[in-house]
Amino acid sequence: MAAIKELSKSLVQPFLAVVIGLLTGALVIAAVGESILGTYQEMWKGAFGSFYFFTSTLARATPIMLIALGLSLAFRAGVFNLGAEGQMVLGAVSAALVAIYLPAPGMIKIVAGIFAGMAVGGFWALLPGFMEARFRIPLLISTLLFNYIAVLFASYLVTEPFRDRSGSAALAQTVMLEKSAWLPKLFAGMSVHAGFLFAIVAALLLFWVLRFTPFGYEVKMLGQNSLFAQYGGINRIRVMLTGMFASGGLAGLAGTVEVMGAHYRFVDGALTVPGFAWTGLMAALLANSHPLGIIVTSILLAAFQTGAMGVERNTDVPLELASVIQAVLILFISAKFSYDWWKKRKAKGGESHGAL
Amino acid sequence: MELFDWSLLSSTIRMVTPILLAALGGALCARVGIFNVGLEGLVLVGAFSAIVGNHFTGNLFLAVLIAALVSIVFSLLFAYMTIRLRANEIVIGVAINFLALGLTTFALRAIFGVKGAFYDKDMAGLPTVEIPFIHDIPVIGGIISGHSPLVYFAFLVAILLYVFFYRTVTGFRVLAVGLNPVAARSLGLKVTGLQVLAIVMSGALCGIAGAQLSLGQVTMFTEGMTAGRGFIALVAMMMGQSHPLGILASSLLFGLMDALSIRLQGFSLPTQFTAMLPYVLTIAAMFFLKNKSQIGSDNQQSTR
Numbered sequence: 001m002a003a004i005k006e007l008s009k010s011l012v013q014p015f016l017a018v019v020i021g022l023l024t025g026a027l028v029i030a031a032v033g034e035s036i037l038g039t040y041q042e043m044w045k046g047a048f049g050s051f052y053f054f055t056s057t058l059a060r061a062t063p064i065m066l067i068a069l070g071l072s073l074a075f076r077a078g079v080f081n082l083g084a085e086g087q088m089v090l091g092a093v094s095a096a097l098v099a100i101y102l103p104a105p106g107m108i109k110i111v112a113g114i115f116a117g118m119a120v121g122g123f124w125a126l127l128p129g130f131m132e133a134r135f136r137i138p139l140l141i142s143t144l145l146f147n148y149i150a151v152l153f154a155s156y157l158v159t160e161p162f163r164d165r166s167g168s169a170a171l172a173q174t175v176m177l178e179k180s181a182w183l184p185k186l187f188a189g190m191s192v193h194a195g196f197l198f199a200i201v202a203a204l205l206l207f208w209v210l211r212f213t214p215f216g217y218e219v220k221m222l223g224q225n226s227l228f229a230q231y232g233g234i235n236r237i238r239v240m241l242t243g244m245f246a247s248g249g250l251a252g253l254a255g256t257v258e259v260m261g262a263h264y265r266f267v268d269g270a271l272t273v274p275g276f277a278w279t280g281l282m283a284a285l286l287a288n289s290h291p292l293g294i295i296v297t298s299i300l301l302a303a304f305q306t307g308a309m310g311v312e313r314n315t316d317v318p319l320e321l322a323s324v325i326q327a328v329l330i331l332f333i334s335a336k337f338s339y340d341w342w343k344k345r346k347a348k349g350g351e352s353h354g355a356l
Numbered sequence: 357m358e359l360f361d362w363s364l365l366s367s368t369i370r371m372v373t374p375i376l377l378a379a380l381g382g383a384l385c386a387r388v389g390i391f392n393v394g395l396e397g398l399v400l401v402g403a404f405s406a407i408v409g410n411h412f413t414g415n416l417f418l419a420v421l422i423a424a425l426v427s428i429v430f431s432l433l434f435a436y437m438t439i440r441l442r443a444n445e446i447v448i449g450v451a452i453n454f455l456a457l458g459l460t461t462f463a464l465r466a467i468f469g470v471k472g473a474f475y476d477k478d479m480a481g482l483p484t485v486e487i488p489f490i491h492d493i494p495v496i497g498g499i500i501s502g503h504s505p506l507v508y509f510a511f512l513v514a515i516l517l518y519v520f521f522y523r524t525v526t527g528f529r530v531l532a533v534g535l536n537p538v539a540a541r542s543l544g545l546k547v548t549g550l551q552v553l554a555i556v557m558s559g560a561l562c563g564i565a566g567a568q569l570s571l572g573q574v575t576m577f578t579e580g581m582t583a584g585r586g587f588i589a590l591v592a593m594m595m596g597q598s599h600p601l602g603i604l605a606s607s608l609l610f611g612l613m614d615a616l617s618i619r620l621q622g623f624s625l626p627t628q629f630t631a632m633l634p635y636v637l638t639i640a641a642m643f644f645l646k647n648k649s650q651i652g653s654d655n656q657q658s659t660r
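Protein sequences appear in the order of chains A and B. Those letters in the first sequence? Residues 1 to 356, per the working numbering, in order. Those letters in the second sequence? Residues 357 to 660, per the working numbering, in order.
The hints are simulated quantities; they were obtained by calculation from the structure and are not laboratory data. Here the structure is a predicted model, which is why all the values come from computation and not from measurement. The beta-carbon is built from N, C-alpha and C at its ideal position, and this holds for glycine as well. A portion of the hints provided could be inaccurate.
[What the hints assert, rightly or not] If you want the footprint, here are the derived chain B segments under chain A, 3+ residues with CB under 8 Å:
no. : stretch
1   : 435-449
2   : 455-468
3   : 632-640
Could you build all of it, start to finish, from the sequences and the hints given here?
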């Protein structure tokens with residue numbers, strides 16, 4: 001019961017923010033001289049109008065949700081991980097390469113690919129965590145820098161050694177995974193794939209871990225008052241590193257399921273251009289880092305995006321309607337959210353550096 | 357075509373300008389303890405406003421001024437949210453980036469009625485300045501002379517900012533706010549006012565950076581034309597340790613790598629590693645210079 005109460009409490013402000021976001025959206029729609037109601041109707045249709053569109057929204061929500069879950073774990077522990085993009089891309093490219101070149105039957109390829117994607121994403125996140133712990137290099141900055149290195153390295157891998165040179169090789173991409181290594185679609189002909197189930201399971205699992213396990217308790221203590229937590233015998237560095245590994249692993253999984261369930265190959269830029277990492281950050285913030293809330297907020301943000309695609313297809317209103325609404329939403333919600341969070345930080349004093 | 361020749365340096369100087377200006381703006385924020393992730397959005401807004409200003413006034417000076425003013429308005433939003441409402445600066449920065457992308461696209465549609473890009477062949481870009489005497493020196497003339505005025509402005513700002521930080525009273529105060537806000541406040545410094553001042557100046561610099569992007573290098577606006585330059589500026593700022601001259605050096609490195617990447621494409625060599633180099637160097641630099649780092653250091657949060 002308490003859990004439900006907490007969940008609904010954490011959803012009230014997002015709801016208000018959504019209303020204000022939509023009002024701002026109405027303003028800009030009016031500015032380009034289109035019908036506001038008509039546009040929002042198209043948006044609704046684009047996101048939920050038919051079963052097909054609904055499943056597309058869920059498919060889009062999948063990587064956002066996984067990334068948001070990973071980030072929320074880091075946030076809860078009081079660590080600001082800005083490196084989800086790099087962790088996702090490196091995870092995705094490793095999963096693709098393992099699934100393509102591992103000589104094994106399809107099922108094993110899938111399992112090995114997922115394992116590789118999560119492990120690589122996790123270790124890539126662990127590295128800045130280690131740099132923070134050992135050399136006190138601010139995590140916030142190193143994770144941001146590691147994104148560029150990861151994205152460029154993955155881009156190199158698919159433009160040079162592992163490039164698909166068969167057929168129209170205009171795009172920098174790997175060859176296609178063989179069919180047996182594809183993640184199954186949940187419904188025939190629809191775009192939502194098994195990755196969505198992984199995301200839901202991950203959300204439930206994270207909820208359980210944070211609420212009912214000693215590790216979850218440690219994370220919570222550390223996030224709320226790190227000095228007290230350390231006084232109580234919690235090893236800050238160990239929890240931080242575990243949190244970063246899990247966070248990166250989930251981001252890696254996000255990239256992996258996109259590769260194995262949607263594109264069936266690693267395409268350079270296919271994961272960075274839609275801005276999954278930043279949207280995931282928003283979803284985590286909107287839900288106040290609550291794992292079950294993230295299920296709702298990431299589907300909501302995905303719906304804005306797929307809805308805006310529908311709007312762009314059928315009206316003259318540009319796709320960026322989604323950016324405007326999302327930005328206003330975040331501006332509105334972050335004022336209070338960060339204020340709470342700030343109070344905790346302040347109480348904690350200036351101990352950890354990257355944990356901004 | 358040679359891999360290295362003198363025109364490479366000339367294009368480096370051109371490429372570096374928006375990054376340098378934005379990075380200096382970021383450094384101003386960093387020096388008062390604010391990590392401004394919204395540089396990208398501020399530059400984009402500046403680039404768009406410069407084109408709008410040029411279209412309606414036909415005056416390039418006014419266009420640059422309008423770009424700076426509109427970016428200042430956006431930076432005031434950033435200042436209000438982060439300082440007044442105490443929102444997390446990274447979150448607000450990210451939101452500003454999204455907002456800038458969305459609003460410029462909408463305004464492009466609403467004002468010019470076009471989608472994707474606006475280009476007017478009659479629109480004049482920023483003129484190039486041929487510096488007398490220097491222009492006639494064989495090699496150096498080709499490198500230094502013949503850029504838009506904003507290119508020289510950017511280098512001037514780097515030097516002025518150095519003077520501001522280390523030779524003026526207000527500059528010292530700004531540094532004090534960044535170093536220890538509590539102590540600064542107890543000395544009677546107006547911490548909030550200085551922070552807002554720094555953010556506003558940073559907005560102006562980002563707006564001018566945008567104007568160089570849309571009027572100096574090409575004379576057009578395309579959606580999302582900053583293409584990550586704001587983030588590169590952020591990295592250049594970190595690498596330069598928020599020191600104006602350090603930023604000058606790091607921005608030149610980024611510009612050179614940028615120009616080199618374009619050159620390498622002509623040779624069909626992989627460009628990823630040259631593009632990666634500045635980031636690797638920045639991380640390496642953090643191992644050595646970590647103690648001087650302004651951003652992410654303990655004290656920055658302790659005032660607000």
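Status of each hint after checking the structure:
With 8 residues bearing a CB less than 8 Å from a CB of chain A, the stretch 435-449 of chain B meets the requirement of three and the coverage assertion stands. Here's how the stretch 455-468 of chain B fares: 9 of its residues keep a CB closer than 8 Å to some CB of chain A, so the rule of at least three is met and the hint holds. Restraint check on the stretch 632-640 of chain B versus chain A: 5 residues with Cβ-Cβ distances below 8 Å, three needed, restraint holds.
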